[in-house]
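Using the sequences and the hints given, assemble the complete structure.
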Amino acid sequence: MYTREELPQYVKTAGKVTVLTAIAGFLVFMTAFIFDFGAQELSKVSAQGAASTTLTVLNTPPSFDVFPYEVVESSTTTPTNSGNSVQWAAIGSDSNLAPYFLLICSTNASPTANAAANPSSLGTEPPECDGGAIQWGVSTSTISGQQATVSTTTIDSNDGPSDFAEVNEWYAWVCDDDPESPRCINVPSQGLYSTSSSPFHVNSRPVLTAASNDGPTDPDSTVTFTSTATDPDSVEADDDLRLIVCSDNTTYDNNTNTCGAAEIASSSVTAITNPSAARLLSSPIQDQSYTAWVYLVDEHDHEATGPIQADFVVNNVAPTLLNSNIDLNGGSDLVLSVPAGETTGFNLEFTISDANSCENAGGGDEITGYGVSVFRTSVGTTSCDSTVGPYDPNSCYNSGSGSATWNLSCTETLACSGATSTDVGYTCSFPLWFVADPTEGAESPFVGDSWSAAVRGIDEAATGTMVTGVSSVGLGQFLAIDIEDAEITYGSVEPGQTSGGGMLTATSVALNVGNTGIDQRVEGESMCEEFTVGNDCVHTGTTTIPASQQRFASTTGTAYTDLEAQILSSTTPVELELNVPKTTGTTTLDYQKATTYWGIEVPGTITFAGIYRGLNSFVGAVSEIGEW
Amino acid sequence: MKSRLRKLFALLIFPLLFSSANIGIAEAGFGITPPYVRNTSLTRNSTYEQQILLVRSDVNVAQKAELTLDAPGIEDWIEIVEGAEIKMPRGEQKVPMTVRVTVPGDADFGEYKGSIRIRTLPDDNQVTGGAVSISLGALVDINLNVIDREIKDFRVRRISVPDLNEGSKLAWLFFPGKIRFDMLLENTGNVDISPSEVEFRIYDRSGKILLEETSNLGRIDEIKPYITETVTAEIPTRLPAGTYIARYRIFNDDEIKQEGDLSLNIMPAGTLQVAGFGFGGLSVPHKVSILLPIFAVIIALIYFFNYRRKNLLGRN
Numbered sequence: 001m002y003t004r005e006e007l008p009q010y011v012k013t014a015g016k017v018t019v020l021t022a023i024a025g026f027l028v029f030m031t032a033f034i035f036d037f038g039a040q041e042l043s044k045v046s047a048q049g050a051a052s053t054t055l056t057v058l059n060t061p062p063s064f065d066v067f068p069y070e071v072v073e074s075s076t077t078t079p080t081n082s083g084n085s086v087q088w089a090a091i092g093s094d095s096n097l098a099p100y101f102l103l104i105c106s107t108n109a110s111p112t113a114n115a116a117a118n119p120s121s122l123g124t125e126p127p128e129c130d131g132g133a134i135q136w137g138v139s140t141s142t143i144s145g146q147q148a149t150v151s152t153t154t155i156d157s158n159d160g161p162s163d164f165a166e167v168n169e170w171y172a173w174v175c176d177d178d179p180e181s182p183r184c185i186n187v188p189s190q191g192l193y194s195t196s197s198s199p200f201h202v203n204s205r206p207v208l209t210a211a212s213n214d215g216p217t218d219p220d221s222t223v224t225f226t227s228t229a230t231d232p233d234s235v236e237a238d239d240d241l242r243l244i245v246c247s248d249n250t251t252y253d254n255n256t257n258t259c260g261a262a263e264i265a266s267s268s269v270t271a272i273t274n275p276s277a278a279r280l281l282s283s284p285i286q287d288q289s290y291t292a293w294v295y296l297v298d299e300h301d302h303e304a305t306g307p308i309q310a311d312f313v314v315n316n317v318a319p320t321l322l323n324s325n326i327d328l329n330g331g332s333d334l335v336l337s338v339p340a341g342e343t344t345g346f347n348l349e350f351t352i353s354d355a356n357s358c359e360n361a362g363g364g365d366e367i368t369g370y371g372v373s374v375f376r377t378s379v380g381t382t383s384c385d386s387t388v389g390p391y392d393p394n395s396c397y398n399s400g401s402g403s404a405t406w407n408l409s410c411t412e413t414l415a416c417s418g419a420t421s422t423d424v425g426y427t428c429s430f431p432l433w434f435v436a437d438p439t440e441g442a443e444s445p446f447v448g449d450s451w452s453a454a455v456r457g458i459d460e461a462a463t464g465t466m467v468t469g470v471s472s473v474g475l476g477q478f479l480a481i482d483i484e485d486a487e488i489t490y491g492s493v494e495p496g497q498t499s500g501g502g503m504l505t506a507t508s509v510a511l512n513v514g515n516t517g518i519d520q521r522v523e524g525e526s527m528c529e530e531f532t533v534g535n536d537c538v539h540t541g542t543t544t545i546p547a548s549q550q551r552f553a554s555t556t557g558t559a560y561t562d563l564e565a566q567i568l569s570s571t572t573p574v575e576l577e578l579n580v581p582k583t584t585g586t587t588t589l590d591y592q593k594a595t596t597y598w599g600i601e602v603p604g605t606i607t608f609a610g611i612y613r614g615l616n617s618f619v620g621a622v623s624e625i626g627e628w
Numbered sequence: 629m630k631s632r633l634r635k636l637f638a639l640l641i642f643p644l645l646f647s648s649a650n651i652g653i654a655e656a657g658f659g660i661t662p663p664y665v666r667n668t669s670l671t672r673n674s675t676y677e678q679q680i681l682l683v684r685s686d687v688n689v690a691q692k693a694e695l696t697l698d699a700p701g702i703e704d705w706i707e708i709v710e711g712a713e714i715k716m717p718r719g720e721q722k723v724p725m726t727v728r729v730t731v732p733g734d735a736d737f738g739e740y741k742g743s744i745r746i747r748t749l750p751d752d753n754q755v756t757g758g759a760v761s762i763s764l765g766a767l768v769d770i771n772l773n774v775i776d777r778e779i780k781d782f783r784v785r786r787i788s789v790p791d792l793n794e795g796s797k798l799a800w801l802f803f804p805g806k807i808r809f810d811m812l813l814e815n816t817g818n819v820d821i822s823p824s825e826v827e828f829r830i831y832d833r834s835g836k837i838l839l840e841e842t843s844n845l846g847r848i849d850e851i852k853p854y855i856t857e858t859v860t861a862e863i864p865t866r867l868p869a870g871t872y873i874a875r876y877r878i879f880n881d882d883e884i885k886q887e888g889d890l891s892l893n894i895m896p897a898g899t900l901q902v903a904g905f906g907f908g909g910l911s912v913p914h915k916v917s918i919l920l921p922i923f924a925v926i927i928a929l930i931y932f933f934n935y936r937r938k939n940l941l942g943r944n
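Residue numbers (the numbering used here), protein chains in the order written: chain A, 1 to 628; chain B, 629 to 944.
Think of the hints as simulated: they come from the structure by calculation, not from any bench. Note that CB positions come from ideal geometry on N, CA and C, so glycine has one too. Among these hints, one or two may not hold up.
Claimed, not checked - Pair ranges (Cβ atoms, derived):
#1 B:Thr816 with A:Thr411: 51 to 57 Å
#2 A:Gly363 with B:Glu710: 56 to 62 Å
#3 A:Thr77 with B:Pro913: 43 to 49 Å
#4 B:Asp752 with A:Asn347: 34 to 40 Å
#5 B:Lys915 with A:Gly363: 47 to 53 Å
#6 A:Leu280 with B:Asn773: 55 to 61 Å
#7 B:Phe923 with A:Ala261: 31 to 37 Å
#8 B:Glu850 with A:Asn347: 26 to 32 Å
#9 A:Gly496 with B:Asp752: 32 to 38 Å
To be verified - Cut-off 30 Å, straight-line C-alpha distance, at most; resulting in silico cross-link-like pairs (DSS-like, lysine-lysine):
#10 B:Lys741 with B:Lys836
#11 B:Lys885 with B:Lys852
#12 B:Lys741 with B:Lys715
#13 B:Lys722 with B:Lys692
#14 B:Lys722 with B:Lys885
#15 B:Lys915 with B:Lys797
#16 B:Lys692 with A:Lys582
#17 B:Lys780 with B:Lys741
#18 B:Lys885 with B:Lys780
#19 B:Lys836 with B:Lys780
#20 A:Lys593 with B:Lys741
#21 B:Lys722 with A:Lys582
#22 B:Lys692 with B:Lys715
#23 B:Lys722 with B:Lys741
#24 B:Lys797 with A:Lys593
#25 B:Lys722 with A:Lys593
#26 B:Lys715 with A:Lys582
#27 B:Lys692 with B:Lys741
#28 B:Lys836 with B:Lys797
#29 A:Lys593 with B:Lys715
#30 B:Lys852 with B:Lys780
#31 B:Lys741 with A:Lys582
#32 A:Lys593 with A:Lys582
Below is the structure:
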């Protein structure tokens with residue numbers, strides 16, 4: 001026991017035992033060393049039962065210098081499209097500088113490290129995942145301290161059973177193939193980086209079962225492509241799907257999921273099933289079938305197996321006209337100028353448009369014709385269209401009546417300039433008969449009306465509707481008169497006698513060869529041998545028959561002496577209410593007419609026997625409206 | 629005896645007097661169009677002209693038209709420009725005559741009527757003997773109304789729009805394309821007139837999508853009374869080159885005189901050698917962006933010169 005009283009003695013002996021022990025030990029060691037005791041000798045000594053020490057220094061496994069990661073992120077938001085590879089990389093190192101392998105397994109069950117045959121064949125025996133795990137891949141032998149990479153090619157779930165699920169866990173190991181004691185790192189790694197660590201995600205292709213469209217479609221309408229489509233992926237949410245429709249199946253780019261100029265349509269709104277895509281078919285677009293290939297792509301730009309052909313058809317639509325593109329007679333009134341005939345040279349210009357283009361798919365003319373009618377406005381296109389039948393020279397001229405009836409003559413003045421053009425322009429001339437209803441002037445039963453032109457376009461397969469020009473024009477009153485027989489025949493009359501035995505039997509027949517109702521004003525000159533226009537007869541009782549010797553009436557059976565018989569004047573025109581109605585037909589038989597009955601009394605004082613000349617004038621006047 | 633001889637002579641000769649039928653005048657129709665001179669909105673000191681066509685079927689003979697005016701009280705107003713006799717040469721099927729009405733400043737307001745009698749005659753004055761020759765004619769009705777109120781009205785007879793260049797940019801300024809909307813108008817009133825506004829609604833080619841609404845800039849030339857003339861409205865558009873459908877409306881104050889559809893072709897800038905809009909076509913902000921600096925400089929100069937003048941006056 002340590003006592004404080006013996007402290008001086010302790011100090012004297014302190015350390016001496018320790019020093020002696022140390023010296024003794026040293027001497028033993030030196031003796032063994034000097035006499036060359038080696039390990040074998042010691043072993044033998046041990047084997048011979050002498051006490052000895054044994055130590056087995058084990059191979060140490062490689063370790064991660066850089067933890068494993070997915071070279072290309074494979075995550076929920078950025079999965080690996082099926083068929084593409086998932087690649088991992090890591091840097092491992094081995095304490096004895098031996099090469100190593102990077103092994104990727106689906107579980108954390110310890111893998112099996114395989115031993116190389118001998119130290120000189122290191123790096124030839126890659127490790128293997130545990131039997132219960134899927135081995136995603138193992139790298140080639142990699143020099144310690146350098147990067148090892150390993151990859152695996154994913155398989156689409158639609159292609160049948162495979163190891164690949166939509167979400168796949170992975171565990172990375174580094175292993176060596178030490179000939180004596182090959183080893184793998186004790187604890188696997190799943191990566192440290194959020195977007196490139198385990199698991200990896202496989203995006204399967206969407207499935208396009210069918211595709212079609214809602215055609216046939218009119219130009220300037222929308223064709224919609226529909227599909228029967230699904231997507232097998234469902235982690236977190238179903239994938240959105242969209243359609244891309246191309247005009248061929250060669251220009252589609254898998255990387256960009258576009259087909260450039262060949263693109264017809266693509267989905268503007270995505271859907272998780274059966275997406276659709278629409279395209280407005282802007283005119284001009286020729287009527288024919290158009291090739292269309294439908295591609296289905298999911299939200300990760302992974303396209304379905306396909307595409308599926310879904311051709312669409314553009315309808316033929318009838319040609320159209322704008323109402324301002326119909327120009328009747330340049331905006332000028334229609335003026336008739338041929339009594340009892342057709343006035344020619346009226347003008348009509350119009351432009352026909354076709355949303356199918358003015359050139360057909362075969363390169364020929366799409367617009368093949370036109371139908372025209374020119375009519376009094378209250379008649380309208382309901383009654384006066386361009387078809388056969390409604391022709392009426394008074395109020396309706398139509399091309400359907402044929403050129404023998406109405407000689408509408410048109411020439412193409414604006415030619416079709418190709419498939420991207422829609423318009424063809426025409427300039428026409430046409431005649432109107434003298435009976436065409438007048439719309440100008442207050443004294444007309446057609447006041448308030450005007451004349452318009454309507455046109456329809458005709459193409460290969462359709463006939464458009466009649467479009468009436470926005471501007472109408474007037475048609476003027478045309479007062480025209482003719483006398484059927486150009487003479488008044490009184491017959492043989494003696495001086496002091498009256499022609500016709502005292503009755504008004506000579507006649508003049510007024511013909512209405514204009515488009516109004518007419519009355520007649522009559523005046524005349526005295527008759528004598530020397531009469532010429534502007535050289536009136538010298539009034540002598542023996543050689544001149546005064547104008548007043550002629551009398552006339554509008555009714556037959558009037559006696560020369562009747563009060564109804566009006567006296568011809570050379571100074572004051574006398575109106576005779578003939579009331580010739582407006583002529584409505586165009587043949588001579590159709591002319592409206594009225595007869596004036598004449599008689600003459602040769603004064604008894606006349607002594608000159610010879611040729612007498614005279615002149616009676618028939619001045620037409622527009623009759624009252626009620627008498628047309 | 630003498631008396632008996634005369635009677636015998638007469639019996640032999642006179643029966644032949646009217647039996648011949650050699651008439652060479654009225655072998656074809658004659659007409660006029662229009663058969664009236666009518667204006668119900670004349671004002672004092674106004675002038676109105678009406679052209680009348682004299683027409684005939686047979687052009688193989690030379691004729692003349694003899695005109696006789698019968699218009700009590702207004703003979704002095706009426707002038708037949710071609711004179712009282714109008715030649716209708718052989719081969720001419722129609723000949724115009726112009727009736728000019730000049731209303732005096734002191735004319736009474738009211739209605740005036742009359743007529744012009746037209747009679748055709750052989751140009752050589754010869755008539756065929758042996759019977760009563762016939763000449764044809766027609767009556768022009770005159771109906772005038774002198775009123776003391778203004779009538780502002782017109783009729784649109786035709787419209788058209790030539791192709792135009794699209795607008796162009798110069799620095800930050802955008803000069804719009806100029807639509808030249810031509811209108812053939814007939815002034816049916818009695819004062820100078822032009823459309824109060826022309827409005828365009830421009831749609832896409834299918835006519836379904838409205839792209840732009842615009843109306844004319846500046847005044848449209850006026851047309852004198854009773855005249856038919858083409859005037860042009862200048863309308864800015866900011867649309868790019870392309871083919872469009874325009875729905876236009878032509879206004880006479882609140883009344884729409886015509887509306888319709890037309891096609892509008894806008895060409896790429898510089899395609900056509902036609903002038904576009906200048907300063908007047910700029911938008912208000914762009915105009916302000918030009919005018920404001922100019923005004924600022926002017927104000928600064930005025931201020932500067934005032935300041936300098938005051939200084940000089942102060943020294944003196």
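How the hints compare with the structure:
1. B:Thr816 with A:Thr411: 51 to 57 Å: With Cβ atoms ~34 Å apart, the hint is violated.
2. A:Gly363 with B:Glu710: 56 to 62 Å: With Cβ atoms ~58 Å apart, the hint holds.
3. A:Thr77 with B:Pro913: 43 to 49 Å: About 45 Å separates the Cβ atoms of Thr77 (chain A) and Pro913 (chain B), which means 43 to 49 Å holds.
4. B:Asp752 with A:Asn347: 34 to 40 Å: holds (38 Å)
5. B:Lys915 with A:Gly363: 47 to 53 Å: holds (51 Å)
6. A:Leu280 with B:Asn773: 55 to 61 Å: Holds, since Leu280 (chain A) and Asn773 (chain B) (Cβ atoms, about 58 Å apart) stay within the stated range.
7. B:Phe923 with A:Ala261: 31 to 37 Å: Taking Cβ atoms as reference, Phe923 (chain B) and Ala261 (chain A) lie about 52 Å apart, which means the hint is violated.
8. B:Glu850 with A:Asn347: 26 to 32 Å: holds (28 Å)
9. A:Gly496 with B:Asp752: 32 to 38 Å: holds (35 Å)
10. B:Lys741 with B:Lys836: violated (54 Å)
11. B:Lys885 with B:Lys852: holds (18 Å)
12. B:Lys741 with B:Lys715: Satisfied, since the Cα-Cα distance of roughly 27 Å is no more than 30 Å.
13. B:Lys722 with B:Lys692: holds (12 Å)
14. B:Lys722 with B:Lys885: With a Cα-Cα distance of about 34 Å, the restraint between Lys722 (chain B) and Lys885 (chain B) is violated, given a limit of 30 Å.
15. B:Lys915 with B:Lys797: holds (14 Å)
16. B:Lys692 with A:Lys582: It holds: about 27 Å lies between the C-alpha atoms, which stays within 30 Å.
17. B:Lys780 with B:Lys741: holds (24 Å)
18. B:Lys885 with B:Lys780: Holds, because 12 Å separates the two Cα atoms, which is no more than 30 Å.
19. B:Lys836 with B:Lys780: Measuring from Cα to Cα gives roughly 35 Å; hence the hint is violated.
20. A:Lys593 with B:Lys741: Holds, because 28 Å separates the two Cα atoms, which is no more than 30 Å.
21. B:Lys722 with A:Lys582: holds (22 Å)
22. B:Lys692 with B:Lys715: Distance of about 4 Å is within 30 Å: holds.
23. B:Lys722 with B:Lys741: This hinted pair holds, its Cα atoms lying about 26 Å apart.
24. B:Lys797 with A:Lys593: violated (72 Å)
25. B:Lys722 with A:Lys593: holds (24 Å)
26. B:Lys715 with A:Lys582: holds (29 Å)
27. B:Lys692 with B:Lys741: Within the cut-off at roughly 26 Å; holds.
28. B:Lys836 with B:Lys797: At roughly 28 Å apart (the allowed maximum being 30 Å), Lys797 (chain B) and Lys836 (chain B) satisfy the hint.
29. A:Lys593 with B:Lys715: holds (29 Å)
30. B:Lys852 with B:Lys780: holds (11 Å)
31. B:Lys741 with A:Lys582: holds (24 Å)
32. A:Lys593 with A:Lys582: Roughly 9 Å between the alpha carbons, so the hint for Lys593 (chain A) and Lys582 (chain A) holds.
Checked against the numbered hints given earlier, this structure breaks hints 1, 7, 10, 14, 19, 24; the rest are met.
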